[in-house]
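There are 2 protein chains.
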Amino acid sequence: MAIETVLETREDTELPHRFARSAATTAGVSMRTADLPAWFAERRAAHRFRVRPIPFSELDGWAFDPATGNLAHRTGRYFSIEGLQVVPDDDPSRTWQQPIIVQPEIGILGILAKEFDGVLHFLMQAKMEPGNTNLLQLSPTVQATHSNYTRIHGGSRVKYLDYFIRPGRHRVLADALQSEHGSWFFQKSNRNMIVETFDEVPQDDDFRWLTLGQIGELLRLDNVVNMDARTVLSTAPTTYAEAGALHSDTDLLSWLTTERSRRRLRPRLLPLTRLAEWERDDMSLAHVHRRHFRVVAVAVEAGNREVSAWRQPLLEPVGPGTHAFLVRSFGGVPHVLVAARAEGGLADVVELGPTVQCHPREHTDPLSGERSPFLDTVLNADPRRIRYAATHCEEGGRFLRAESRYLLVDADEEQAPERPPPGYHWLTPGQLASLARHSRYVNVQARTLLAVLNTRAVRL
Amino acid sequence: MAIETVLETREDTELPHRFARSAATTAGVSMRTADLPAWFAERRAAHRFRVRPIPFSELDGWAFDPATGNLAHRTGRYFSIEGLQVVPDDDPSRTWQQPIIVQPEIGILGILAKEFDGVLHFLMQAKMEPGNTNLLQLSPTVQATHSNYTRIHGGSRVKYLDYFIRPGRHRVLADALQSEHGSWFFQKSNRNMIVETFDEVPQDDDFRWLTLGQIGELLRLDNVVNMDARTVLSTAPTTYAEAGALHSDTDLLSWLTTERSRRRLRPRLLPLTRLAEWERDDMSLAHVHRRHFRVVAVAVEAGNREVSAWRQPLLEPVGPGTHAFLVRSFGGVPHVLVAARAEGGLADVVELGPTVQCHPREHTDPLSGERSPFLDTVLNADPRRIRYAATHCEEGGRFLRAESRYLLVDADEEQAPERPPPGYHWLTPGQLASLARHSRYVNVQARTLLAVLNTRAVRL
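Residue numbers (the numbering used here), protein chains in the order written: chain A, 71 to 530; chain B, 71 to 530.
Rather than coming from a laboratory, the hints here were simulated on the basis of the structure. Don't be surprised by glycine CBs; every beta carbon is placed ideally from N, CA and C. Honestly, I wouldn't trust all of these hints.
Examples of chain A residues lying across from chain B (beta carbon under 8 Å, computed) [to be verified]: (1) Ala246; (2) Gly401; (3) Gln485.
With a straight-line Cα cutoff of 25 Å, these simulated DMTMM-like cross-link-like pairs (lysine to aspartate or glutamate) come out [claimed, not checked]: (4) B/Lys184 with B/Glu266; (5) A/Lys184 with B/Asp321; (6) B/Lys184 with B/Asp105; (7) A/Lys229 with B/Asp160; (8) B/Lys229 with A/Asp160; (9) A/Lys229 with A/Asp269; (10) A/Lys229 with B/Asp321; (11) A/Lys184 with B/Asp319; (12) B/Lys184 with A/Asp160; (13) B/Lys229 with A/Asp321; (14) B/Lys184 with A/Asp269.
For reference, chain A alone in the conformation it holds in the complex (with noise of 0.2 Å):
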């Protein structure tokens, strides 16, 4: 009959420990870690960067409806700034509104991996984001909006994009849609995806191979590996050694179900007209409180982007993010406690979020009303306690000077229980890495969190 067909296993055991090997290996082939200071100044001098903010009248290309008051690209396309509404099921006095980034197509965050000495390197890029701390951060190899790999910017093609839309001969070791932030955009997802490729690959002055090591080495610093490089390194299929858990996977999908089926929210895009407590003059969009963000609009010109010159509109947040694990070891594993957290702008309204995400300067949270219960314990934490603290800056294309402080905080039975409040669970970084994997489990704020520990650049 017909010729045997070879099947494959289901999982590739193998494939952890190659990312565990390039997690140890701070020693890569094509760059010293601590020559990327350098690199990014060359690459600096050899692009020009300049990015300027400019009042809404003078962002060709993009107007505010007459009739909605949406902003918006003339040509349809890239993104838009409308009204959300959200009403909490359970209580609907709650009912709350803001401005927020409609972008209904899924972009590509793709990584190009390849093994040099027996060891896999990524291919990471020197890239500029307008909205980023410094402008230029480490980056995926390809960061690609839909619009981008169809080129209606009719700018010059994505490099290494092939990989990643025509994977043929390469091989996928990652690939899940996952969202982005929940309360600045609505129900956007990008997809993840890490391909290793066995061809001979050209390297371009902007891009250089670095072991996870490395990435982890660069990621202990302030502002130099961006947010679309982390969330990839989330997904990456890492596994930990871990003899256990203090809940089984079938209880931590229960709870998730819990929560999923008593926090109801039903958001509603609304014309930005309609919003009760926002106001526009020509420099921004902004709360009547100067809460939450404001809008804003920026020129850009750059040497080494897909176009060289543009205006866009960016949402720039009232101060910094403060994103948080308690860690606890317990019967010898380390946990981090993580929180369902429930966001307007969430496709499935619930995933599994930092134990502590806000910005401290507003205390509470907006859709619970509530501060943080374990917000102190991590502001005021002993130094010694803090095993990971870094400033990043969330997506650059988007959000401008966008800071978050990300931390891994020790806890002990008093500031974070054994059985912590409703919402709350703990879970190991394997557990976390396992849901990551797939779409919709770990928010972004949570998935930076998860590629520090992914590439070891804290092991708990």
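Mind docking chain B on chain A? Use the hints.
For chain B alone, kept in the frame of chain A given last:
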């Protein structure tokens, strides 16, 4: 220091064996399978059920909104019939409009499990639903809308509900949100639960403890096991002894991510009055060419329901559906040919469906405009190739006489090639079952076929 914490293993590896043992057992403790007709007859006699069509004008409590034309209950609860417009991103000329059921709340479909004589049994209910063929079908222990269990019906308490909303000292074996029919419901999902108890449980007259093997026997009959029971059983923690698979789990997830990225639909609710091709008289809301389905109203009288009589709208499809997996063995391991199926009402747009899923009277898929390339293979299958065929009803609380023919059909290379056309992928039953533990991977039609496999109604 602290008392030593006892950790759990992440997976209970014994559990699948307990399900397998129950599937292999066709002699249960509370009823012989052959006695089901007598028990059903007895329950029918104990409760008089009657369902009759009524004009919309006699639907007390329900009305068409004068402005929108939407059909809703005066309390705003239960569900409503609204309009839906679906715009495919890649081809707006295929924009599609239809009525759709909107019911944002999450209900509970729960089966209580308990071990008797070392074998897991499941507490199944003889339950009447107005749209079911024969009215009475075998149902989960609990089938409760949020309205049910918060008792806005003002009816009696749902029996056994506490096992599911206060699982406390019971043990959750499966618990995930699962989508319902994406062409009839707008982003509807229900919580599918299996909970094991160690308590003595009083067995009400409308309930019987059955093994998985008994339920498998009953799944071979037409119109006995209702949709809610089938979907819960599809989420059972069943494993399959498989030496491998044609594609690794990573490749499978990557394929699905590709399909989800490329097949973008923009669904938007519209007022029912804005639908171009639908017309309403006092007896029905129907397509001008009598395609797809119609919405009708019924009066229900029953004795064992939460309330003794009610009136409600139901959606009545124009003809029976055909939902089939083509089946092949590769390298000695059975595989089913899964379709990445886009439906306007699915929150994630694309889920995994059967090879063929359609109403053959309509021939073409409304979204793709195409006839399934596998439909003829299913409809004209040599009877010796049909491994499973039975007729089952879709949810009888929302759909009237929505019968579907479910099939598993052996195929060969010519009928179903090892490299199928785009949009199709070969999965093992074990791969499908592990995805069904998570939300939104396996659609409701594929879940019926998975339940057939999980209960070993058929062994491939």
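Going down the list of hints, with the structure as the test:
1. Ala246: holds, 6 Å
2. Gly401: holds, 4 Å
3. Gln485: violated, 13 Å
4. B/Lys184 with B/Glu266: holds, 5 Å
5. A/Lys184 with B/Asp321: Holds, at about 18 Å.
6. B/Lys184 with B/Asp105: holds, 21 Å
7. A/Lys229 with B/Asp160: Between A/Lys229 and B/Asp160 the Cα gap is close to 24 Å, so the pair holds against 25 Å.
8. B/Lys229 with A/Asp160: Distance ~24 Å between B/Lys229 and A/Asp160 Cα, so the pair holds.
9. A/Lys229 with A/Asp269: holds, 15 Å
10. A/Lys229 with B/Asp321: holds, 24 Å
11. A/Lys184 with B/Asp319: holds, 21 Å
12. B/Lys184 with A/Asp160: Cα-Cα ~34 Å, so violated.
13. B/Lys229 with A/Asp321: With Cα atoms ~24 Å apart, B/Lys229 and A/Asp321 stay inside 25 Å; holds.
14. B/Lys184 with A/Asp269: violated, 56 Å
Taken one by one, the earlier hints fail for this structure at numbers 3, 12 and 14, listed in ascending order.
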